[in-house]
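2 protein chains.
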Amino acid sequence: MAQHAVPETHVLAIASHVTSGHVGNKTATFCMQSLGCEVDAIHTVNYSNHVGYRRFKGRKTPAEEVAELWEGLKNARLDTFDMMLSGYCPSAPVVQQVGKIARELKSRSDARPGSFFWVLDPVMGDNGRLYVAEDTVPVYKSLLDDADLILPNQFEAELLSGVKIHDLATMKQAIARLHEAHKTPHVLITSIRLPPTAASTPTTTDEDLSTSATLSVIGSTATSDFKPRLFRVTVPAIPIFFSGTGDMFASLMVARLREAAQEADLLNTASWRSPDSVAGPDLPLAKAAEKVLASMQAVLKDTANHYDAAAKRIQEELGNGQHGGAGVKTGEETEAIRHLNLTRAAEVRVVRNSQALREPPDVGAFEAQAVEVEAEGDASR
Amino acid sequence: MAQHAVPETHVLAIASHVTSGHVGNKTATFCMQSLGCEVDAIHTVNYSNHVGYRRFKGRKTPAEEVAELWEGLKNARLDTFDMMLSGYCPSAPVVQQVGKIARELKSRSDARPGSFFWVLDPVMGDNGRLYVAEDTVPVYKSLLDDADLILPNQFEAELLSGVKIHDLATMKQAIARLHEAHKTPHVLITSIRLPPTAASTPTTTDEDLSTSATLSVIGSTATSDFKPRLFRVTVPAIPIFFSGTGDMFASLMVARLREAAQEADLLNTASWRSPDSVAGPDLPLAKAAEKVLASMQAVLKDTANHYDAAAKRIQEELGNGQHGGAGVKTGEETEAIRHLNLTRAAEVRVVRNSQALREPPDVGAFEAQAVEVEAEGDASR
Chain R
1186 MAQHAVPETH
1196 VLAIASHVTS
1206 GHVGNKTATF
1216 CMQSLGCEVD
1226 AIHTVNYSNH
1236 VGYRRFKGRK
1246 TPAEEVAELW
1256 EGLKNARLDT
1266 FDMMLSGYCP
1276 SAPVVQQVGK
1286 IARELKSRSD
1296 ARPGSFFWVL
1306 DPVMGDNGRL
1316 YVAEDTVPVY
1326 KSLLDDADLI
1336 LPNQFEAELL
1346 SGVKIHDLAT
1356 MKQAIARLHE
1366 AHKTPHVLIT
1376 SIRLPPTAAS
1386 TPTTTDEDLS
1396 TSATLSVIGS
1406 TATSDFKPRL
1416 FRVTVPAIPI
1426 FFSGTGDMFA
1436 SLMVARLREA
1446 AQEADLLNTA
1456 SWRSPDSVAG
1466 PDLPLAKAAE
1476 KVLASMQAVL
1486 KDTANHYDAA
1496 AKRIQEELGN
1506 GQHGGAGVKT
1516 GEETEAIRHL
1526 NLTRAAEVRV
1536 VRNSQALREP
1546 PDVGAFEAQA
1556 VEVEAEGDAS
1566 R
Chain L
1186 MAQHAVPETH
1196 VLAIASHVTS
1206 GHVGNKTATF
1216 CMQSLGCEVD
1226 AIHTVNYSNH
1236 VGYRRFKGRK
1246 TPAEEVAELW
1256 EGLKNARLDT
1266 FDMMLSGYCP
1276 SAPVVQQVGK
1286 IARELKSRSD
1296 ARPGSFFWVL
1306 DPVMGDNGRL
1316 YVAEDTVPVY
1326 KSLLDDADLI
1336 LPNQFEAELL
1346 SGVKIHDLAT
1356 MKQAIARLHE
1366 AHKTPHVLIT
1376 SIRLPPTAAS
1386 TPTTTDEDLS
1396 TSATLSVIGS
1406 TATSDFKPRL
1416 FRVTVPAIPI
1426 FFSGTGDMFA
1436 SLMVARLREA
1446 AQEADLLNTA
1456 SWRSPDSVAG
1466 PDLPLAKAAE
1476 KVLASMQAVL
1486 KDTANHYDAA
1496 AKRIQEELGN
1506 GQHGGAGVKT
1516 GEETEAIRHL
1526 NLTRAAEVRV
1536 VRNSQALREP
1546 PDVGAFEAQA
1556 VEVEAEGDAS
1566 R
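Going down the list, the protein sequences come from chains R and L. Quick note on numbering: the first sequence equals residues 1186 to 1566 in my numbering. Quick note on numbering: the second sequence equals residues 1186 to 1566 in my numbering.
Looking at chain R on its own, in the form it has when it is part of the complex (with noise of 0.2 Å):
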């Protein structure tokens, strides 16, 4: 009756709530409970759908509600787990929360090496611009000491590393710095957006990570001497803003890792890195990667068909002044309308495409790649 490919997990995860919609907890629960994970939800914030909408109503979980949340389940002896998953704080004080939480697992976990792994979203911002609070920045660099897999866009990859990242070489180098630096044994940097240079080798070169028609992740888990191995998986580009996109990407990649880990036997080494004779191509991240993009392009496939489907009705609707409510709008209010339908109709159809969840369609069309940066002298270039 019960099958699935990743093994019985249990996963704590720390993200926002939204009653409506898909990002955060919301996204993510469900995401690993179809593949089977057992998923115990603490929620950051409770909101009633995502701030995208530029209207939303709820409440940010004060830290130390989180924290209460944490003693309960120790106090009624359900703190045991495979795996955590954090995501979006809203706070500098819940973020450091998080991280003893974590802290507090992974030291458990220091007799039996592998029994516990940590998946760290350091949720900042994106594409240049900070959507937290300043103060939350040195916090997340301090826990990178303690996560296993961190899964940084671009930005926050910058954020953390120290290094301005504007081709390959500088990717490498933001990579190997969060390996060498913090010891944080798997790093995948998501939301990939490099100028066109011609600093790399063929192997991957800029432009392919820089075309509006594709999108890449790198990858690296870190050698015994903590050098990067990495890799790339290039997707088609979808040209429409869905949110929820990153925590269906690292909830995902929570089972996946997990699964390909077990294939590695790996799951009683620490961390679960792979020896040094894997490249990075056939690293379980990498393997992990594959199925869970194949997984999200199906799922955004379907979003971008009903999405296209719903903005041409809402279009019609708005020229006809059939948006509901009564009277002539103002433009502002109809601009308004305009935007909160089609933010709904984006928000990712991950529920009925739980099959492509399950059985990621056409996986060999995602295969990793080797990544050959030239020399290191280049990188500042």
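Possibly wrong hints are sitting among the right ones.
Put simply, identical chains are the same to the list, so a pair is met inside one copy or across any two.
In silico BS3-like links for lysine-lysine, alpha-carbon gap of 30 Å or less [unchecked claim]:
id, residue 1, residue 2
1, K1368, K1285
2, K1285, K1242
3, K1291, K1242
4, K1497, K1259
5, K1497, K1291
6, K1259, K1245
7, K1486, K1285
Don't read these hints as lab results, they were simulated from the structure.
Dock chain L against the given chain R, drawing on the hints supplied.
Here is chain L on its own, set in the frame of chain R:
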């Protein structure tokens, strides 16, 4: 890709959230999502775990916060729902607020019959004991006029109908009272326990209902003159107390009833009520209950197997003093730990058994039966 028997259904789910384990919205959200429903969850409490552990921490949601989240959904035009499922509320004001939301959604559907359907699980108590404040009971009674389907257990049905249920005739009387006095279109009574008597015809005897080997649910959809049309489904009993089975039942009923109503072409009929020509066992309510109970039986059987193994292990560990923590435990401590561990082992394994939710096995074994009750005069004896 997206293949679901249940049509696209947007559900507002208002019930409890627990970080660990499976009760309330934690279970309900996953069950409905697994069947393809889009679920928007408002949490009435936010606890570390369910109270059956006897140790928990967390916070009840004030009624004002439930109202605020609803306001947030309205402001962002996210307040359109096909169905609503309401469960546990921690106080009378929260029940009142939930009723306010349901009535608002209901009144909007007046112009489009069948476009909104409210499933009310009037969580008040069980086995003759209230576990909510007494002032909650009249508030639930006041909601009955607007609910489309109510799912009381036997004790709650007594509280709501004012009829003491001690045999099949009084069961029918209670259901008739709910149909007549409150115009509640659909009633389904769960957890039926009747003392053995001979007050029924051979079709379904009270003995069938009360043996320790089986459990029954009895449901009815009112005819056009608000008379009951009864059916029952009997399932093998599992001698373990599982928390959250009520929430699993209610949430699966939401999805399966929508599916059955679509199959019967009732989605544009007020409250999805079948024509008078349809007999009890042929009602969409009965068809839905068959699938739901088949799914649940599979999930609970797997849970029971794991529970038995865990119970054996827990017993051995306690005997050997291997239950964590230092030093010799007092009898009281040992007993508390035993209770915590057994309660955890009884958490329903709904996530690992999601296939049984999607594809209920052996539905034929759960066929709805007619319930024939002797003349009404017998009811009061």
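Results for each hint:
no. : hint            : in the structure
1   : K1368 <-> K1285 : within (18 Å within a copy, 54 Å between copies)
2   : K1285 <-> K1242 : both (29 Å within a copy, 18 Å between copies)
3   : K1291 <-> K1242 : between (35 Å within a copy, 23 Å between copies)
4   : K1497 <-> K1259 : between (51 Å within a copy, 23 Å between copies)
5   : K1497 <-> K1291 : between (50 Å within a copy, 29 Å between copies)
6   : K1259 <-> K1245 : both (23 Å within a copy, 20 Å between copies)
7   : K1486 <-> K1285 : neither (39 Å within a copy, 38 Å between copies)
Violation of the numbered hints given earlier is confined to hint 7; every other hint is satisfied by the structure.
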